[in-house]
Amino acid sequence: MTDWILENPDNVTEADIVVGIPSRNEADTIAFPTQMASEGLTSYFKGMKAVIVNCDNLSTDGTKEAFFSATCEVPRIYVSTPEGVAGKGNNFRNLFQLVCDLKAKAVVVVDADLKSITPKWIKNLGEPLFNDYGYVTPIYLRHKYDGTITNNIAYPMSRCLYGRRVRQPIGGDFGFSGELARFYLEHETWDEAVAYFGIDIWMTTLAMYSRKQITQAFLGRPKIHRAKDPASSLGPMFKEVVGTLFNLQSKFESFWKEVKMSRPTAIFGFGLGETEMPPAVSVDVDALYHNLHNGYQDWKDLWREALAPETHSKLMEVMELAPEHFEFPSQLWAHVLFDMSVAYRDRITDTNTLMNSVSPLYFGRTLSFVRSTEGMAMQQAEEYIEEQCQTFEDAKPYLLERWG
Amino acid sequence: MARIIIVDDEEHIRTLYTLELEEDGHEVLSLGTGKEIIRHIDEFNPDVVILDIKMMDVSGLDVLQEVRNKFYDMPVILCSAYGSYKCDLKSVAADYYVVKSSDLTELKKKIKAALAAKIPAKD
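Line by line, the protein sequences are chains A and B. If you're matching positions, the first sequence starts at 1 in the working numbering and goes up one per residue. If you're matching positions, the second sequence starts at 405 in the working numbering and goes up one per residue.
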């Protein structure tokens with residue numbers, strides 16, 4: 001029996017398509033994506049049984065009431081984790097269970113804080129699931145400094161390891177088949193980090209690992225939500241995303257060791273009219289520099305232990321660079337992440353400590369990224385990210401050697 | 405050696421590519437249009453498709469979407485006289501993008517890479 005709190009006022013017992021909206025205290029914002037989801041379902045999935053599910057963490061700010069009072073023509077279900085159980089991943093787990101219970105064929109998930117979602121997002125994330133695709137990730141225009149964990153870790157690492165070019169592997173808005181929902185529900189790699197912010201990279205990695213057909217849905221409008229300065233506190237998200245990435249790397253070793261180069265992923269959904277430019281994200285470059293150097297004081301011994309001697313020596317060169325000449329080369333960054341993934345597998349320390357030691361290095365790489373791309377237009381910055389990915393792929397023999 | 409489809413509306417380009425690639429031992433099917441590409445892929449069963457972008461009757465980028473939707477893992481190399489199409493989001497669905505040249509070194513390198521990039525079957 002599932003330990004959840006369920007409200008199903010329309011007595012929905014089966015569905016063809018489900019839109020899930022995970023939340024935790026999103027009373028101010030959830031009505032808008034709910035309304036857009038309803039319009040998307042009624043406009044583009046006519047004749048199908050549809051339901052919108054708010055998967056919540058027992059919010060105390062009236063999220064449930066805001067969800068049920070939104071303008072909506074589609075039946076709604078509210079499901080929540082019990083008191084004391086938080087985590088985005090736990091919300092998804094309830095969604096996976098509900099999708100299986102409703103025998104749904106397709107699931108679309110959108111964030112509860114989205115301000116730029118349109119009904120076409122539901123169409124483009126959902127429609128490929130009725131055409132042989134098992135997993136759909138978003139493609140939206142993002143400011144070059146929005147999504148730095150994606151650009152510098154999640155995208156290059158997942159592409160290099162699993163061989164599929166998925167530009168937004170932790171985008172937050174997804175589509176997946178009912179079959180994949182069952183696969184997720186039953187998979188043995190579920191852990192505490194996945195139950196929180198590790199869920200997005202876990203879902204994308206498992207989709208690649210299980211060789212589901214993946215497509216990327218072009219969403220036209222930029223993702224407008226609560227974007228953060230990349231120099232601000234990382235919070236638990238960084239640890240959970242990178243920890244999950246490293247954990248799955250250990251589990252799926254026999255798969256990624258065979259991947260030589262990456263393959264493309266199709267784009268679905270053009271013709272959305274003129275695309276909008278995303279809002280600018282400002283970065284505190286001084287804070288990035290200081291975060292790196294403060295991290296050195298805290299973690300120098302662990303860095304020496306975790307990194308290969310050559311990697312460590314090059315890192316020390318980088319640490320000596322003055323702010324105006326600062327650069328953290330892509331190849332060194334690839335080697336640092338590869339070495340850290342080996343240190344994770346070897347359990348040289350606990351996960352929390354290791355992730356805390358990686359975060360200052362990430363700040364250093366982010367600073368270098370900001371410096372290298374500051375004069376670039378979005379498209380040029382995109383090419384820079386693609387080149388970084390190629391550097392990771394070219395450096396894979398180093399990872400294979402270190403991994404053993 | 406590989407089976408390769410070349411789609412380009414310029415005959416001299418097709419001739420050049422066909423001669424060089426056949427000399428390297430590949431089996432080549434050369435097409436002047438991408439209009440019936442799906443049927444040709446079904447019949448010829450290529451290992452890789454080389455696709456021009458700016459053609460008289462059809463856009464190579466649209467042909468690429470058609471190929472990718474029907475043949476999820478078919479390696480496709482875009483080969484254009486223009487570098488600017490690389491910025492078009494539709495080109496993301498290609499394995500590689502090569503700017504046309506009478507020197508086929510880069511194209512041959514990408515053919516080799518595309519053939520080597522097969523995703524392994526899972527355990």
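In short, the hints are calculated from the structure, not lab data. Using N, Cα and C, we set each Cβ at its ideal position, and we do this for glycine too. Do not take every clue at face value.
[Stated by the list, open to error] Quick partial rundown of chain B residues pointing at chain A, CB under 7 Å, derived from the structure: (1) 472; (2) 485; (3) 487; (4) 491; (5) 493; (6) 496; (7) 499; (8) 520.
[Unchecked claim] Distance condition first, Cα-Cα at most 27 Å in a straight line; then the derived BS3-like pairs of lysine-lysine: (9) A:105 - B:504; (10) A:212 - B:474; (11) A:257 - B:512; (12) A:212 - B:494; (13) B:474 - B:490; (14) B:490 - B:504; (15) B:474 - B:458; (16) B:516 - A:212; (17) B:458 - B:516; (18) B:474 - A:396; (19) B:494 - B:474; (20) A:396 - B:490; (21) B:513 - A:260; (22) A:260 - B:474.
A quick look at each hint next to the structure:
1. A least Cβ separation of about 4 Å between residue 472 of chain B and chain A falls short of the 7 Å threshold, and the interface hint therefore holds.
2. Annotation: interface hint on residue 485 of chain B violated; nearest CB of chain A at approximately 19 Å, more than 7 Å.
3. Contact between residue 487 of chain B and chain A, as hinted, is not supported at the beta carbon level, the nearest pair being about 11 Å apart and thus beyond 7 Å.
4. At its closest, the beta carbon of residue 491 of chain B sits 5 Å from a beta carbon of chain A; the interface hint therefore holds under the 7 Å criterion.
5. Because the closest C-beta pair between residue 493 of chain B and chain A is about 6 Å apart, less than 7 Å, the hint holds.
6. About 6 Å separates the beta-carbon of residue 496 of chain B from the nearest beta-carbon of chain A, less than 7 Å, and the hint is met.
7. Interface restraint check: residue 499 of chain B against chain A, minimum CB-CB distance 6 Å, threshold 7 Å, status holds.
8. Hint status for residue 520 of chain B: holds, given a least beta-carbon distance of 5 Å to chain A, under 7 Å.
9. About 44 Å separates the Cα atoms of residue 105 of chain A and residue 504 of chain B, which puts this hinted pair outside 27 Å; it is violated.
10. Under the criterion of a C-alpha separation no larger than 27 Å, the hint pairing residue 212 of chain A with residue 474 of chain B is consistent with the structure, at around 15 Å.
11. The hinted pair formed by residue 257 of chain A and residue 512 of chain B meets the criterion: a straight-line CA distance of about 25 Å does not exceed 27 Å.
12. As the CA atoms of residue 212 of chain A and residue 494 of chain B are separated by approximately 21 Å, the hinted pair is consistent with the 27 Å bound.
13. Proximity of residue 474 of chain B to residue 490 of chain B is assessed by CA-CA distance (about 22 Å); at most 27 Å being required, the pair is judged to hold.
14. Between the alpha carbons of residue 490 of chain B and residue 504 of chain B the distance comes to roughly 13 Å, so the proposed pair stays at or under 27 Å and holds.
15. Restraint check for residue 474 of chain B and residue 458 of chain B: satisfied, since their Cα atoms lie roughly 22 Å apart, inside the 27 Å limit.
16. Simply put, residue 516 of chain B and residue 212 of chain A have alpha-carbon atoms about 25 Å apart, close enough for the 27 Å limit, and the pair holds.
17. Restraint check for residue 458 of chain B and residue 516 of chain B: satisfied, since their Cα atoms lie roughly 24 Å apart, inside the 27 Å limit.
18. For the hint pairing residue 474 of chain B with residue 396 of chain A, the CA-to-CA distance comes to about 31 Å; that exceeds 27 Å, so the pair is violated.
19. Restraint check: the Cα-Cα separation between residue 494 of chain B and residue 474 of chain B comes to about 16 Å, which is no more than 27 Å; the hinted pair holds.
20. Restraint check: the Cα-Cα separation between residue 396 of chain A and residue 490 of chain B comes to about 25 Å, which is no more than 27 Å; the hinted pair holds.
21. Simply put, residue 513 of chain B and residue 260 of chain A have alpha-carbon atoms about 15 Å apart, close enough for the 27 Å limit, and the pair holds.
22. A hinted pair counts as satisfied when its Cα atoms are at most 27 Å apart, and residue 260 of chain A with residue 474 of chain B qualifies at roughly 24 Å.
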